[in-house]
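Chains as they are written, first to last, in our numbering: chain G, 3 to 309; chain D, 535 to 894; chain Z, 4 to 518.
Among the hints, erroneous ones may be present.
To spell it out: a stretch of chain G is covered by chain Z in this simulated footprint if at least three of its residues, at any positions, have a beta carbon under 8 Å from a beta carbon of chain Z; those stretches are [claimed, not checked]:
| id | stretch |
| --- | --- |
| 1 | 24-30 |
| 2 | 170-184 |
| 3 | 194-205 |
None of these hints come from the bench; they were simulated from the model. Using N, Cα and C, we set each Cβ at its ideal position, and we do this for glycine too.
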Amino acid sequence: MSSFSIIFSPEILAATLRSMPPILLAGLAGIMTKRAGIENIGLEGLMLIGCFSGYTVNYLTESWILGILGGMIATTLIALVFGFFVIVLRSNKIIAGVAINSLGAGLSTYLLRMMFGVKGSFYDPRVQAIPRASFSGLKSIPLLDTIINNQSIIVWISIILALIINLILFYTRFGTYVRAAGEDEEALATSGINVKKIRFITIIFHGMLCGLGGAYLSTGYLTQFIENMSAGRGFIAMAAIAFSGAQPLRILGATGLFAFVESIAYRLQSINVPSYFALMTPYVVTVITLAITSHKGIKDKKGRRLV
Amino acid sequence: MKQRQVVVFVSLLAFVLSLLVGGVLILINGDNPIVAYASLLKGAFSTKDNVANTLATSTQLIFTGLSVAVAFKNGFANIGAEGQLYVGAMAAAIIGIFFPLPGFMLLPLALIMSFAIGGLYGMIPAILKIKTGTNEVVTTLMLNYVAILFTSYLVNYPLKAPGAPIGMTNNVQAGAKLPVLYHGTRFNAGFLIAVLAAILVYFYFKNTVKGYEMRLSGQNSEFASYLGINVDNNIILSMFISGGLAGLGGAALVLGIQYRFVQGISPGYGFDGLTIGLMANFNALAVIPFAILFGAMRSGSLTMELLTNIPSELSSVIQALVILFMSSENSVTKYIKDLLEKRESIKKQKMKMKGGVDHV
Amino acid sequence: MTDNYVVDMENICKYYGNVRANDQVNLKVKKGEIHAIVGENGAGKTTLMNILYGLVQPDFGRIAIDGKEVIISSPRKAIELGIGMVHQHFKLIEDFTVAENICLGNEPVDKRGLIDKNKMISFVTEISKQFGLKVEPKKKVSSLSIGLLQRVEILKSLSRGADILILDEPTAVLTPMECEELFETFKKMREQGKTIIIITHKLNEVMAISDNITILSKGKTKGTLVTSETSADEIASKMMGENMGKPYLERIHKENSKPLLEIKDLSVIGEDNLEKLRKVTLTVKEGEILTIAGVEGSGQTELVESILGFRKIASGTINAEGINIADKSVKDRRNYCSFVPEDRIKTGLSVNATVGENIIGGYHSKGNFRKGMFMNFPTINKKVHETIDRYQIKTASQYMSAQSLSGGNQQKIVVGRELEQPNKILVIAQPTRGVDIGSSRFIHTQLMSKRNEGVGILLISTDLDEVFLLSDRIAVMFEGKIVAFLNPKEVTHREVGLYMTGAKVQEELIREGGN
């Protein structure tokens, strides 16, 4: 098989759609907090909490929907811890974000061993996978059948969520306040809006989105929990946020691109070609893109350029 | 002086609170937290071997803690110590394996190169920030993964030891190994180099003109540039030093502990460095005790796991909690200070106006 | 007893750490009056108004609005009570449009719950007509002039049905013309039954516009006066506790004084590709104070930054003591020029560094203050002690962090450090903005004595009183050009005001300027 046909096969496009949701959901979560001025770089940690709690609740209840809800609730609780520190205690966001990453990784592995007594990964056949959707009308078109049919419902839900969040951010009161909180919180406060409340609601959205992304990873994308299974997707999501300028519609494209690259990497690995460079791509692309696009950052607020 | 007492108090408070939350987790696990923490301490310090092993782990942590301290003191949020450690470790491994030199030249060369490569890698985000205004938090974070993945490629393909089950290089030459200080453990001369580095960094900031300029740049870069200080050059220099120190941490790991580069060689020492730097308030000398504390948690937690049922991952949870509590250090410190002073004022006021209505 | 007053604040106390921002303050305002609150900087005026607007909670005290005792827990509560506030630093969101800013928190929504942008714009147009304050609803706020920003702020308050409008230093950044316009607006609003509270330290304005005056000093109320029954002198003496004369040191005239700072045909292009400075030519001579007067944003910042080396110049020369410094580094230029920036607390010092470290900044790498790569602490400490003594900086020791000092003392650190440097040229921007009257006088006297020692001073000031007090010559800047050189003894405030707003120019300068 030539490398070209590996890269541009319908299977790769299907794999791209399949691996999009975690990055997209974490990215949307990150956009919400970034827009509200409480950017959280702890997306990776939150997703791990979502993976673990989603899988565990699913295992305990044998219900995929309760699993997702459990994952979302647990992740939101940890996100609220971040919110409490950043919003109420006025913690340094970056450091609190780093803490959430470590906490997510540490807590999920600690609880894995404590609750199930295993190390590395946990699998139980009783866990119900999130259902997949097929559109019978597409069955007759082989290309679309391969790409679109038999995808997890979360794939479609996450894409719809991107549209909804775009609507919320730019066309509703709440979204206006979220953006205002990020632009100038004092201006918002003096307009009689409770900035803390707006930010806490944002944090709840943020936690739910990360939790959904995590639960999808462990009960949709795969059906097992593996230590650190988010495997840097939280950071790729950050890259996508930076790449898209924190625009919910543009991040759809960015995550598509990164998921595509990720799919190629795994495909290459399966035929024993070093995948490391493909895996590196999102990070390198982001650094380069940021370097090119943020040249306006060189100016300070007054538009001054230092000699 | 009062300010400093409050800072120390808040740091300790963060640590104690983290232990308390960790204690709750231990209780949920059905164990006794006091027994658990005692076994952790025992594992870290009860025998000479244990102490030596704790110090061996601390060595890397002193380097990464210093790396973070240097960067943050100059106002550059370097979250990339982990990646800088990886490239430094790789440089040390390559020199140590391939350069046909006698020991007295090989070891210094490997150390210097790990510093240089780590430093150059650290300079990338600094240059990007200065030339294009790119946010260093994102770039340093991204570059961690570039370094981890790139070194993984090297040890899995071109540098892979023949027949090795996982990605790892051959052993370094005997002459490249850091001398062991306590027989039967991995406690090695890297620790002495780390302590020396801490002392140098401390005096650098305290007594040299450049160190003073860097501190001012970090506190208020616009002010520093108004004084004629070249803030940009200072950022690049400080990131070279910061990356270099993290690189030395990698060298200490390769030349003092593993004797080869193994894929995923650092279990997050670079991120630990962030906690340590923070708790030390970016003071180079204070980095040493905090690095030993976290080294003890890492080495003691394995003993704890053997003696009790508690997974050793508890230490990483506690550490994450410490970072979390420390993230609010500045605001909480200020709050406590204001509160103390305000209580005085209000007390005086209340005595003065007996009829006053308490508004809050 | 309270029902005569629309605002009745009693015994208000607010402490920040050990600073008593408000200490048993009383304020009584009648309905439909213009009430001025006067006091020096740091007297507690803004804190008191932030309490009234619910931004800050008092530690003690009672507040009654329209005779009813209330607790104003948030701005939302204040808005409900009909209180509006226009802050000194406008609280507008730059990235939003005028309409979005005015409606922030009150956006009209349609049936689907989405914001109705058309309704928003027609609402803004309507209230703008109702109050006679013209704005363009669709314009982004970041593109508006300061006068217009203020208008947007006022409309924002009025649109929420504010009956009591608080304005913090409303004229600080306005031109004389804009001020007159604003006062007309106030009078119109008073006729409509609104109550207006202005915070200010400009006594002539207080006399011109207010009905009653409350004076604050050091966090305490010093009494309430009826404007028509008092005088500026009486207010001033109550504000400061004593009546102080103006500082003045007669200029020592020297014949054939050398030019120290010569700027010729200096042009600067901004990031937006607009010309920020257009062929500016000026000379500061030995022993003189040349003042650049002008509305904020006329190019003063660009001029200062070009001289100090923070900004690339498009063309022209800058000579210091006869040497072209236009291509030199900031560090080299600082060997000729001392520099006190406009925003001293933010950019003039590091609050986290110690007093000593702040005082030595700039010399630290020169002469005896270093030994090779090390700091020479004995010499440094000597200099630090001298400066602390000479500039009467009140601090427990040089090792205290600058943060622990009062604002006035922080100012003295900056001024002291810069005036102590052995340079012949001093560039100083807004030297007394935000400084209490006592420290202002100290700084003015120091500047005059430096001038008399032969230093050439380039002063940037938007405060016309200061311009007239200090200048030997005035250069008026408008839209990046010098439009007039004036002798302060021969012109009036109003005339300078005309040049500042471009209503008048000295034709010969413009022609020479090559336009």
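Against the structure, the hints come out as follows:
1. 24-30: violated (count 0)
2. 170-184: holds (count 7)
3. 194-205: holds (count 3)
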